[in-house]
Amino acid sequence: MTKHDSRKIQQIHEELHSHLPPEPALRAKALESLLVEKGLVDPQAIETWIEVYSEEIGPKRGAKVVARAWRDPAFKALLLEDGTKAIAQFDFVGHGGGHLKVLENTDKLHNMVVCTLCSCYPISVLGVPPNWYKTAAYRARAIREPRAVLKEFGVELDGETEVRVWDSTSELRYLVLPQRPDGTDGWDEDRLAAIVTRNSMIGTERDLGPGKGNG
Amino acid sequence: MDTIHDLGGRQGFGRVDTHEKEEAFHSDWEARIYGTVRAMTRPGDWSIDWFRHCRELTPPVDYLTRNYYDQWLQAYAAMLVNSGYASVEEIVAGKAAGPAPDAPPPMTGEFVRTTAKNVAIIAERDCETPPAYAPGDKVTVRSAGAPGHTRLPAYLRGRRGVVEAYRGTHILPDANALGEERAEPLYTVGFNAANLWPDAEDSRDRMYADMWESYFEPV
Chain D
1 MTKHDSRKIQ QIHEELHSHL PPEPALRAKA LESLLVEKGL VDPQAIETWI
51 EVYSEEIGPK RGAKVVARAW RDPAFKALLL EDGTKAIAQF DFVGHGGGHL
101 KVLENTDKLH NMVVCTLCSC YPISVLGVPP NWYKTAAYRA RAIREPRAVL
151 KEFGVELDGE TEVRVWDSTS ELRYLVLPQR PDGTDGWDED RLAAIVTRNS
201 MIGTERDLGP GKGNG
Chain P
1 MDTIHDLGGR QGFGRVDTHE KEEAFHSDWE ARIYGTVRAM TRPGDWSIDW
51 FRHCRELTPP VDYLTRNYYD QWLQAYAAML VNSGYASVEE IVAGKAAGPA
101 PDAPPPMTGE FVRTTAKNVA IIAERDCETP PAYAPGDKVT VRSAGAPGHT
151 RLPAYLRGRR GVVEAYRGTH ILPDANALGE ERAEPLYTVG FNAANLWPDA
201 EDSRDRMYAD MWESYFEPV
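Chains as they are written, first to last, in our numbering: chain D, 1 to 215; chain P, 1 to 219.
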């Protein structure tokens, strides 16, 4: 049984702070070697996790979901009603996908997601979060001065647009559904998905268009 | 607890690095920590909330200056020591002095590929208490903090908001971090920017957070 004792954890942290090797790469190597030697991790599982999140699970998944919502009104309705059920159609349910809520941008509304307390993020559709999402600066500022942060990302909002910032304080995870840009009529799902950026699904980018995106 | 992690609305931080390259890991060691931590053996009572609490207890100077995955490393190192799987000396040396007693066997690469990568955290549980609030209801957030882990951010304490949605009954993090799994009604609550911040950028903007029922002042 784990003893859930805050004071003891704090004492251990102080010891670790004083004694861990100064370089993060050395700390990482020491921990990995120790856990492998003790049989607490299987090296093959380490490689597989890295591979899965470097290649398979990333923002291209979210882009597919957005592209389908742009083309298929019934799917969009389901996505807004029950995000987890909708992404199950793609087999995208996984870490951070168990309670997925989708927030739709409109002409007068811009949604933006933050986790002020840690780093909660819809990993199963966007992959691991970017470093900036986890920095103190973004976590502190996005909830208080979202317009200033958006400006740093190159997003200029007019006075007519309301900003909604969603702080991910529970196991619910939020994904922004960006607006479909003009000039994409008749595009198929793959072509649309290629212009959907990761940041547009976090809400730090707003106007998508041909020539932008992951593709 | 009022530890360093509770950053919402804190001032004095600089610009956000908006030009970061879009790749999952920016160095080999970030990837190694990620893989190691995800693959690590963990007993059933190492909940997500216990992990969060252990990370929140990181010394403030480390919390604010270390890379995210490096913080993971330190939090899991503390959990390993606390559970008796390793000593600080072993973690520092990267060399075992003895076995880890009673540790569950680690997951295999095959298990990651076929199963673990598709596992979602489902936080919804049965709860006998029916929800006391409905969308549109006004609520006042508790003004007191919490003695241990909580998901009630300081910037919302004592503030008035409106219930945007009822989300079902979810595991209460405050109890779960102590090894006690029980559920409470969960709501998404909206707040006017002007009601939260003296320097609100636009009075029409709104901030939302998910809040358990015990986070509200009783009516």
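Please note that the accuracy of each hint is not assured.
[Stated by the list, open to error] Calculated pairs, DSBU-like style, for lysine-lysine (alpha carbon to alpha carbon, straight line, at most 35 Å):
hint	chain 1	residue 1	chain 2	residue 2
1	D	K134	P	K95
2	D	K151	P	K138
3	D	K85	P	K138
4	P	K117	D	K3
5	D	K64	D	K108
6	P	K138	D	K134
7	D	K64	P	K117
8	P	K117	D	K8
9	D	K64	D	K85
10	P	K21	D	K3
11	P	K95	D	K60
12	P	K21	D	K134
13	P	K95	D	K76
14	D	K76	P	K117
15	P	K138	D	K29
16	P	K95	D	K29
17	D	K8	P	K95
18	P	K138	D	K3
19	D	K60	P	K138
These are computed hints drawn from the structure, not numbers from a lab.
A quick look at each hint next to the structure:
1. D/K134 x P/K95: 31 Å, holds
2. D/K151 x P/K138: The hint holds at about 32 Å.
3. D/K85 x P/K138: This hinted pair holds, its Cα atoms lying about 30 Å apart.
4. P/K117 x D/K3: Within the cut-off at roughly 28 Å; holds.
5. D/K64 x D/K108: With a Cα-Cα distance of about 25 Å, the restraint between D/K64 and D/K108 holds, given a limit of 35 Å.
6. P/K138 x D/K134: Answer holds: P/K138 to D/K134 is near 31 Å, not above 35 Å.
7. D/K64 x P/K117: 19 Å, holds
8. P/K117 x D/K8: Holds, at about 32 Å.
9. D/K64 x D/K85: 15 Å, holds
10. P/K21 x D/K3: 40 Å, violated
11. P/K95 x D/K60: Between P/K95 and D/K60 the Cα gap is close to 40 Å, so the pair fails against 35 Å, i.e. violated.
12. P/K21 x D/K134: This hinted pair holds, its Cα atoms lying about 15 Å apart.
13. P/K95 x D/K76: Given pair P/K95, D/K76 is violated - Cα atoms ~53 Å apart, limit 35 Å.
14. D/K76 x P/K117: 25 Å, holds
15. P/K138 x D/K29: 51 Å, violated
16. P/K95 x D/K29: 11 Å, holds
17. D/K8 x P/K95: Holds, at roughly 23 Å.
18. P/K138 x D/K3: Distance of about 38 Å is beyond 35 Å: violated.
19. D/K60 x P/K138: At roughly 39 Å apart (the allowed maximum being 35 Å), P/K138 and D/K60 break the hint.
In summary, the structure is inconsistent with hints 10, 11, 13, 15, 18, 19 from the numbered list given earlier, while agreeing with the others.
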